[in-house]
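Protein chains in written order, with the working numbering: chain U, 1 to 530; chain H, 1 to 530.
In short, the hints are calculated from the structure, not lab data.
Certain hints may be false.
It does not matter which identical chain is used: a pair holds within one copy or between any two.
What the hints assert, rightly or not - Distance condition first, Cα-Cα at most 20 Å in a straight line; then the derived SDA-like pairs of lysine to any residue:
1) K301 with G226
2) K362 with W28
3) K88 with S489
4) K328 with S230
5) K318 with D353
6) K318 with T357
7) K177 with S124
8) K487 with L60
9) K88 with E516
10) K290 with E516
11) K301 with V91
12) K428 with A505
13) K301 with Q49
14) K58 with K468
15) K92 with D474
16) K200 with N343
17) K58 with A2
18) K490 with G478
19) K318 with T348
20) K398 with D386
A quick note: this is a predicted structure, and the numbers were derived from the prediction, not measured.
Number of protein chains: 2
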Amino acid sequence: MATRRQRGIPLSSLNPKFLHTNSTSHTWPFSAIAELIDNAYDPDVRAKQFWVDWTRIKGLDCLSFMDNGEGMTRARLYKMLSFGYSDKKAVKDHVPVGIYGNGFKSGSMRLGKDAIVFTKTRDSMSIGLLSQSYLQAVKAQQIMVPILTFRRDGQNLAEDAVSLEAILTHSLFSTEKELFSELRAIGAAGPTGTRIIVWKLRTTLSGETEFDFAADKYDIQIRASGSERSRERRAMSPESDWSLRAYCSILYLKPRMQINIRGERVKTQLISKSLAHIANDSYRPAFLTKRIRITFGFNTKSKEHYGIMMYHKNRLIKAYERVSCQRKAERKGIGVIGVIECNFLQPTHNKQDFDDTEQYRKTMHNLSTKLEDYWNEIRYRRKKDDPRCTIPIEDTAKAPDQVWVQCDSCLKWRRLPDGFDCSRLPEKWFCNMNHDPQFSRSCMLEKVEQEKSSLSSLCNHLKQDLEKLSGQIDRGAGPEREEAERKLSKLRLSLARLLVCFVPALNLEHVDVSSEVIDELLDQVLEEVT
Amino acid sequence: MATRRQRGIPLSSLNPKFLHTNSTSHTWPFSAIAELIDNAYDPDVRAKQFWVDWTRIKGLDCLSFMDNGEGMTRARLYKMLSFGYSDKKAVKDHVPVGIYGNGFKSGSMRLGKDAIVFTKTRDSMSIGLLSQSYLQAVKAQQIMVPILTFRRDGQNLAEDAVSLEAILTHSLFSTEKELFSELRAIGAAGPTGTRIIVWKLRTTLSGETEFDFAADKYDIQIRASGSERSRERRAMSPESDWSLRAYCSILYLKPRMQINIRGERVKTQLISKSLAHIANDSYRPAFLTKRIRITFGFNTKSKEHYGIMMYHKNRLIKAYERVSCQRKAERKGIGVIGVIECNFLQPTHNKQDFDDTEQYRKTMHNLSTKLEDYWNEIRYRRKKDDPRCTIPIEDTAKAPDQVWVQCDSCLKWRRLPDGFDCSRLPEKWFCNMNHDPQFSRSCMLEKVEQEKSSLSSLCNHLKQDLEKLSGQIDRGAGPEREEAERKLSKLRLSLARLLVCFVPALNLEHVDVSSEVIDELLDQVLEEVT
């Protein structure tokens, strides 16, 4: 094995076998799929929609993942095909799930032996190949990642010819035409986006794909063996353990992106809104200054599936994690679900667990105490309300305390009037269908609010500029002062033109730019919009 | 980020941050230490002894790991500092634990920010640095791994000068003399071996090391916070969860290597031999042709810690894993431990779990059924033996069915007579201390057996040679036949010299090398030694 060096010092090398090694952290295939969904969700891509599909290409079962996010430049694609180069940053309140720069590699290589990435930005289209079969075929000693870029300005790289040949020889696509047709597929979803195809999917011992594509044509399910026992085990476990549709419906605490599986939109669940007997509690870990909100309630669908739904930066890490009081012989907290977002804990490599630190253990201990308090409280209240009732609370039928529905246009969740019959909801629902004024907020209103908010930030900037110039005039003298006065007059004139939309009485032809009239008007408008 | 290429195709790159990413699969620090122990245990290193120590170097807490195995050549050290280059192979019945080529990187970088490796083979001594602090300090964009080799023949590499300078500047050791003193430390353990020092150890939020070195001066324990609750939680959990000594005592199903922690030998536990009411069962998964042995029994130390001890290729993967019947409300199988070696399952990235496949789920389901059978059987037998007994079986005091002790010389486990009082065992015990002839097998006997075995294999080889030459004589003619006859005579003479040790009546001066006397004598000896 030849040693590559940098500044005279050996560089650590990457064996193709490491692709498999690195993927073994995903013990469960949906955890691998979640990595690819996270990549589209994260603020650097900000896709509005995501599609997961099963497709057959040249006789092979494939999984395809597509988003209409921002796409990747060649440099970003190269980073995605390398290890540890995450430079995801939070954008406003949208915090990235990805931090490790490893999701695509560990996820795609867990699902299949080979993957190809097609991506389109406003200026370029790129293709990258990460393929264990290819590396084996060429007996590679290092991980080679053929990359190909088509720039909109036509300035394509001459050295890409070798990569193109490798892709055409070793991927599912043997002509440039076939590659372009995949790039065009992105166009159907939006001007930019990314499309990933994974093939040579992992199979079970009997040679079938680990996913069952036939059980439900609108779902991707983990294959169960045909045995009676296997069916029994499945019936006992939460649906999100084996149905991708069910898992995606709870993957994000506050959904920002629409996920579609095999053509059908996933109806996201706001889990904390689907519970009965909801109570909010909070918890301040000793090592934090802020209190963390915890929502408790009873599962309204099944009393068998309960425990804590633990999120981290909006993403589900552990589902139905039973706390110690739920595991003991006396079995407290049956049917009780807790929802918490633990941004203060560290998720592990596969984002299916938290690092087992003292903080984690303390958190679990406290969650158990609080869940037990909630359980006792609910039982006490029930006893008081109806002293003769003998049916345990977990065995009674329950309906969610509140009814919530997601708008198909703005993706926001809206509360419906109490007692609303969900079966009356249409297939597609929009904000303006909410007739009860108490709960009505239309998407249009939403847009006006957004405009107000950007106007307010603009006005604030202008106000600062006004104050700065006034300050310069007060302190300055001679030509400097004159210059500031000139600028101030100009700014007031621009401002007047802006403000006339809000103050129709303002006569633009008679504005006195030397007085503070305009400044006062600005203050008034500011007050109104904030 | 510059793109490195091979055969014109971009090479996937490794960011220094990936060292941390890769280490996050270890959610528990002992799982990281176990990786370093496995490396010494595996057949390519075959250390007889392993030492884990806490040491302070230049005011910093360090962990040191040393073995007296075969050491690494420069090429192997470079592979260890790279990713995915495992070429471990089974040697006879000694199957390697490591398969992924990732243990050292993920393990050492979980424990601390920086690590240095000193290794000695018969021909060379090498030093390698894997340091996150160093890579940060030089603002590396790739993982650079300074490596330095001193060959016994004095032919050192000129290009190592840059690596030497990096190591002296960025490691704990600032002079060549200090480096040599660490290499010399290996000499105390054997002519060859490896010594790893990890520093900038991970700390808790309060800034203390995550390990507590003060609680027990012969142990390395996971630090517990001082709170009452924290102490309670610890008292409830198995000792192997927080004491490295307890964990190492059960790390291998059949120990092959002596582990020493802070100067004291770890008394390995043969877990399946320490149980009460032992019963052996077996299990043949549908996808295997061989039956797998399962040992059930009651924990004789604590009824609180129970479940399955799941090994893979001799290495502990999951401890006290409760099966479904032990988790249900009726609480069956309390206090029952099962021991199984599941070589047919795939361990995950961190070797603390198995891949969640249909095979795994089936195995767990079957283990639950078998454990429940065992539990019912034991309770039935007890009821029959003593119908009036009302104390649940899990609450009675129990002693192990058999008493076993490990020989401090040959490391083999020996059974002691039933009813033997363990408190009478001396601190160090050797095979020849076993006076009961029924159980007595001395190490000496062991050695004779080993000699017999190698003699038998030698004799078999010689017999094949004899037969080959006889065949050539039968088929051959002319000079070829003469040549074969000459060789046969020579071989018979050598054989006679060997056999005289076993057949003193043989007169070397009158051996007839043309007859088959010697061949017959060989057959007799062969019969005796096999």
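| request: Go through the numbered hints given earlier and state which of them the structure violates, listing their numbers in rising order. | output: Checked against the structure, the hints that fail are numbers 1, 3, 8, 9, 10, 11, 12, 13, 14, 15, 16, 17, while the rest are satisfied.
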